[in-house]
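Spelled out, the chains give:
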Amino acid sequence: KQEVTQIPAALSVPEGENLVLNCSFTDSAIYNLQWFRQDPGKGLTSLLLIQSSQREQTSGRLNASLDKSSGRSTLYIAASQPGDSATYLCAVLRGAQKLVFGQGTRLTINP
Amino acid sequence: EAGVTQFPSHSVIEKGQTVTLRCDPISGHDNLYWYRRVMGKEIKFLLHFVKESKQDESGMPNNRFLAERTGGTYSTLKVQPAELEDSGVYFCASSQGVGYGYTFGSGTRLTVV
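Those protein sequence lines, which keep their order, are chains A and B. Residues in the first sequence are numbered consecutively from 1, following the numbering used here. Residues in the second sequence are numbered consecutively from 1001, following the numbering used here.
Source of the hints: derived by calculation from the structure; they are not laboratory data. A quick note: this is a predicted structure, and the numbers were derived from the prediction, not measured. Backbone N, C-alpha and C fix where the C-beta goes; we use that ideal spot for every residue, glycine too. Hints may contain errors.
Some chain A residues near chain B, calculated using beta-carbon distances under 10 Å [stated by the list, open to error]:
(1) Val20
(2) Ala86
(3) Lys98
(4) Val100
(5) Phe101
(6) Gly102
(7) Gln103
(8) Arg106
(9) Ile109
Isolated chain A (complex conformation) (with noise of 0.2 Å):
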C-alpha cells in the first residue's frame, strides 16, 4: 500500500528566504508526481508534475526534484513570498490512475 508523508507539518519562515518542502512515498512504483497548493477554502492548483523518468521540474521560484529510488520528492522555493503562504500538497499517481495524497505541509511567510 502507498503511502506518502509531508514533512514538516507546518511551517513559518520570515519573507525573503529560501525553503524546501519534502515529500517521501513508500512505493517507488509511481508513474508521476505532482505538487499542488491549496488556500483556505480554495481547489487544489498545480504547481509542478515530474514524470517518473525525470529528475526535476522547475516553473518560477519553484523546483521540484524526484528521486525514485530513495521515494523522495522535495519542493524548493526560492526568495519566499507572502503570498506563498498556502498548505503544500504532494501526490503520487500510482496503477488505476489513483493519486495518493500526503496531508500537506502549512506554509506561513512573515512579511
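Position chain B relative to chain A; hints supplied.
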C-alpha cells in the same frame, strides 16, 4: 480554457437527507475523478470515470454514495441518506490521461448536521 467547475461550493444538510454534488470537467477530458477530504485526514480517492464508464470505484465508502457521468460530460455524486461522517470537502478532477497531470475543481464543502 475553463477549468473544472463544481457546485454547490457549500452545502449544509441534516442527517438522513439527500445531497447531489455536480462536477463539470475540462472539455475534452475523458478522465474524471472524485476525491474527498474529511477533517484531519489526507485527500483520498473515491472513483474514476473514463468517459461515461466507471473505471474504478474502489474508494467509494459504501452504497449510500452513487456517482454518474451523463454522456461522458458532467458528473454527479449523490449521497443518500447522508450521515455525519460524510462531512468533508469533495473534490472533482479531470485529466487527459496518465502523464498529463490532474486539474482539480474548487471543491464542495459538505456539512451534515
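Hint validity - A:Val100 Cβ closer than 10 Å to any chain B Cβ: holds, 8 Å
Hint validity - A:Arg106 Cβ closer than 10 Å to any chain B Cβ: At 13 Å from the nearest chain B Cβ, A:Arg106 fails the 10 Å test, so the hint is violated.
Given hint A:Lys98 near chain B, where the shortest CB pair must fall under 10 Å: Given a least distance of 5 Å, the restraint on A:Lys98 holds.
Hinted contact A:Phe101 with chain B - closest CB pair below 10 Å: Check passed: Cβ of A:Phe101 comes within 4 Å of chain B, closer than 10 Å.
Given hint A:Ala86 near chain B, where the shortest CB pair must fall under 10 Å: violated, 14 Å
Interface hint compliance - A:Gly102 to chain B, C-beta minimum distance less than 10 Å: holds, 6 Å
Hint validity - A:Ile109 Cβ closer than 10 Å to any chain B Cβ: Violated, about 23 Å.
Restraint check, 10 Å cut-off on beta carbons, for A:Val20 near chain B: Violated - the Cβ of A:Val20 stays beyond 10 Å from chain B, reaching only about 21 Å at its closest.
Restraint check, 10 Å cut-off on beta carbons, for A:Gln103 near chain B: A:Gln103 check passes; min Cβ-Cβ to chain B is 5 Å, inside 10 Å.
Checked against the numbered hints above, the structure violates hints 1, 2, 8, 9; every other hint is satisfied.
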